[in-house]
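Enquirer: Fit chains P and Y to the given chain U structure using the hints.
Chains as they are written, first to last, in the working numbering: chain U, 19 to 297; chain P, 81 to 873; chain Y, 349 to 508.
These are calculated hints, taken from the structure and not from any lab test.
Check the hints yourself; a few may be wrong.
[Stated by the list, open to error] Chain P stretches covered by chain Y per the calculated footprint, using a threshold of three residues with CB under 8 Å from any CB of chain Y:
no., segment
1, 91–97
2, 278–285
3, 306–312
4, 576–582
5, 630–639
[Stated by the list, open to error] Output of the computed footprint for chain P on chain Y, the stretches with three or more beta carbons under 8 Å from beta carbons of chain P:
no., segment
6, 400–407
7, 476–488
It should be emphasised that the depicted structure is a prediction, and the values quoted were computed from it without experimental measurement.
Think of the CB as a built atom: it goes at the ideal place given N, C-alpha and C, for glycine as much as any other residue.
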Amino acid sequence: MKPPPFDYHAPTSIEQALAVLAEVGAHGKVLAGGQSLIPLLNMRLAAPDHLVDINRVAGLDAVEAEPGGVRVGALARHAAVERSAAVRSAQPLIGQALRLVAHPVIRNRGTVVGSLVHADPSAELPAVLALLGGSVRLARVDTERDVAAEDFFVGPLESATEPGELAVSAFFPALGRRTGTAFVEVARRHGDFAMAGVAALVGLDDEGAVMSARVACISVGPAPVVVDVSAQAPDWKAAARAVQDRIEPEGDIHATADYRRHLTGVLAERALTQAAADA
Amino acid sequence: MTTKLFGEPIPRREDERLVLGQGRYLDDLGRQAVAAAFVRSPHAHARIRDIDVSRALDVEGLIAIYTWEDLPGLVAEPLPLLIPHPALTHGRTAYPLAKEIVRHVGEPIVMVVATDRYVAEDVCGLIDVDYEFLKPVVGLEEAAQGVHLVHEDVPGNLGAHLVQEVPARDGRSVAEALESAPHVLEFRLDIERSASMPLEGRGVYARWDADDRSLRVYSSTQTSTSVRMALAAKLGLPLPQVEVIAPDVGGGFGVKIVHPWPEEILVPWAAITLGREVKWAEDRREHFISSAHERGQVQHIKVGFDEQGRVLALDVDILHDHGAYTPYGIIVPIITATQLLGPYKIGAYRVVFSSIYTNTVQVTPYRGAGRPQGVFAMERTMDRIAAHLGLDRTDVRAANFIGPDEFPYDQGLIFQDGRPLIYDSGDYPESLRMLKELIGWDDFPAMKQAAAEEGRRIGIGVGCYVEGTGVGPYEGGHVQITSDGRVHVSTGLTSQGQGHETVFAQIAATELGVPFEKVSVVTGDTRRFGYAVGTFASRAAVMSGNAIALACRRVREKALKIAADALEADPRDLEITDGVVHVVGAPAAGIPLATVAVLSNPLRYAFDEEAQRATQFAGTADPDKAPLEDEPGLEGKDYYSPIRSTFASGMHAAIVETDPDTAEIRILRYAVVHDCGRLINPMIVEGQIHGGVAQGVGGALYEKMAYDEHGQLLNASFMDFLMPYVTEVPHIETAHLETPSPLNPLGIKGAGEAGVIPVSSVIAGAIEDAEGIPIMRMPISPSDLYDLRRATD
Amino acid sequence: MPDLHEISLIVNGVVREVTVPARRLLSDCLRHDLGLTGTHVGCEHGVCGACTILLDGEPARSCLTLAVTAAGHEITTVEGLAGDDGPSAVQRAFRECHGLQCGFCTPGFLCTATALLRENPAPTDEEVVEGLSGNLCRCTGYQNIVKSVHRAAELLAEES
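Extracted from the complex, chain U is given alone in its bound form:
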């Protein structure tokens, strides 16, 4: 279990990084935290000709409040984002999700943007971005574009990032007024990818009535499944049934499709109840 050979690039600026990525195109792979990519290399399930290590690129590790939300740079590690005051005050759901991401040691190295680009349908952060309606900023030589979450997660392990592009940051919208969040999941072991998990966002009006309610579900489709359940609110049981109708779980060695559907329903009700109480 050793990585196959590759040409190694260690740019120190974004310009250099983009130039290299433009040159290597589809033959290149970006290395940030490496917590998903290097296992694939070690198992020789990935064999890029070029590896572009962005760990030396200056200025990519910023976590900054912006109007209406928080922007997380490509080199911001999970642990740093978890500790960030800007994140905590702008959007508590990120912290709620990060505590469920693998184990503390993995979070020391893994990056938030890396997790988004990896686009694992079982991962927590894509669900957070999808639920909040955030976006990912993709740069290439001389240009950049912001891709909305709904367009970013294309399929299992597939994002909208194209050859030659670098995901330089992600934008997570801030929590609205009188809005609550929750993230609940069930994994086989603590820290494993969840068999099912639900992030919930519930907004109340001034009278305390539910104005909007949405969930994002993981491990039950090719990408995070976002369901608007405002119509069912505050009947969270009915909301859970609506969610179960929308998801497309598949069975694997850890859980049957039926169980995932059932579990998603249970967790949707729990997450919505918690988020409403938190609002």
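Expert: Structure of chains P and Y alone, referenced to chain U:
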């Protein structure tokens, strides 16, 4: 400074180096060695049509590529079948490199040697093997039907079939006893595969000394002496020219007792052939698909019993999956069949097993070695009886216990060592009493009721087992006291974390009356001790512990004799305290063992201070006697060979909670009462139990080998083979009972495997109690429990 | 060998120069190039934690880090935990509490626990369990590892 160390929780010797990162594990050695890697079959069953290496030949750093056709003489022959048995009529073992046919994913086909492992893996990726696919035989019951065959010449895929029957005391057969039993139940149980999965994989490092014509091999093995003999035989080398050393070994749990593994022959052979040091360190994926698994069985049980729940007849039919090959014989199903009876005296017993080939990784013992399956059968049976009669589950067990006054108790079967299954000692009612107190068995119904009122589901389970430990045939010990006063102890069996350096030093220090610090222990090094069987079957403490004690007694006797001459005293009046031989009650006027060591070897040369000091005693020698009466040196060797195994026992109980909505299963409490006779080091015994229970929790709730119908192992990684982390293992409460074994000088029994044995049965019982649904298959996941709930609704 | 990189790593306080191919894992570089074999390799896919080292003071998987990525950074391995006056409090506590058996996973636990206690000198049981949650041990059932970490916290408190 005390010299009474037996029974004390002494911190481990080993840890001084291990916590500093100064252990020497296999892959820490041989920095200059070249690396081996293997092309392994990606298919479960196929014929090899062609192997094309042409694309690989230009890789810089390639040293050699070998296929079966390159192997000479005995190296090319199938690996040995280690433990033949008359019932194993169709035993089959693999070739070191596949010859024509591969029979499981992971079977080695090509060996590559290159400058480092990275390059070796590059080369493996460029070797093209052309396969003709054969029908994979996967699934125990499908395999047993024999429609497709794993080995063309093994009809029905049936490797072994064994029937054992013990009639009731009144002579009635199982059939007769079942016929007349007031109650009869019949059911089926399933247990899935797991594996030892030590954190260090296997590994072999070989050095050939061309000048000396000698071979030194390091192997991460549980038996260095047997690897040595196998190597000498396979490579045609004189035995004295081969030495095998087990360095620090990162866990074994059974998988490393199998020998010789293909790599244990191939790596040394390549080292000789190439004239270079060669090393192979198994990676995790290799370990999953080419080392051994265990556990998988299907059991059909028929039991007859009376109103008190006493078992009058038990008829058990076992299908055992032994994978593609049988290098370790049928030890596992034999142990299941014989240890199934546990602490109970039942009426008539009949057990039949069929050991079946499948196109999967071979099955050899993993900690527990067939016992968890047997205990699962028996304890689930006890719970079924209790449920049927509406009795307390512990009362049913108690009604079947062998009484404390009934030892030795002959179960009427032949155990895995070929000896009668006769229990030496135990006190099962007392164990159960202690366990019920520890877990609060009698208070549980109230606790359950209170939980139910909060909408919570909790349940309690219990399981009992008897474990044959310390199987023969023998182990030996060698003890030498040198003129610096140090005590050098060696034994042939190996260590994988059991703390042998510590416990054997405790035994030696106690026996000899020397300070613990003066004793050093070497295990698993054939340069120091050539005769041994190995570390398995919870046997190390019993076998080598007693052998070392006996060797120490010889040395002690010799020391007293020499000292008696020097001190002009009667040896019977002497004792040894803190390494000084003296007359009882007069510790000041003694002679240090260091000096005795000099006297034992009457050289002319006073090469150190001790030798000079010894000259003061030299004048007392009788001029009419030869200077040397005995062998020179203050050393002794002895062997311990028991007439039969000792039988440790224990009982576990657990309280679990199941989530009514998510079906998650959580262990709230876990309690163990354990009896392994006298404890040498309670801290180490406790640690063994903890580790066993954790592996049991893995087997009960998390671990399985998920093969698909093509024979692909779907979870060959730590991401998907779910060994418990700290977050999955509950706090383990323990209590000890000590019924000494009458069979050996130290009164000890083995403890290595105990913790793992009953866990699946205990957890199954607890979940069943919480859910009110029979749990007949383990392990169980939340998804499985959800399915069971739906099937019951 | 194409694509060799000359890098320097600060390992246990000492600058070490080494030439490695880009694909060299930090775990292999430490073990086989620098001879620091105390760091162990149990899975090479980041799950077992045996290879955990401290990278700029924070626990990280050396099997999921390329040596070239670590160039210029500070690395502490198990060999670097002991001080001039002997084993560290964490190392002593593991021995005292029988927190290891085969010892193979131990370096990873020691590094993880060292960082944990640096950040949180008096962790609760839950915090210890969470902190150790990414490391596999097949021998101890974790009971005495958790105990060792609490004991180490006591030793550190006594010494400060």
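Enquirer: Hint by hint, say whether it matches the structure.
Expert: Status of the hints after comparison with the structure:
no.: 1; hint: 91–97; result: holds (count 5)
no.: 2; hint: 278–285; result: holds (count 3)
no.: 3; hint: 306–312; result: violated (count 0)
no.: 4; hint: 576–582; result: holds (count 4)
no.: 5; hint: 630–639; result: violated (count 0)
no.: 6; hint: 400–407; result: violated (count 0)
no.: 7; hint: 476–488; result: holds (count 11)
Of the hints listed earlier, those the structure fails to meet are numbers 3, 5 and 6, in rising order.
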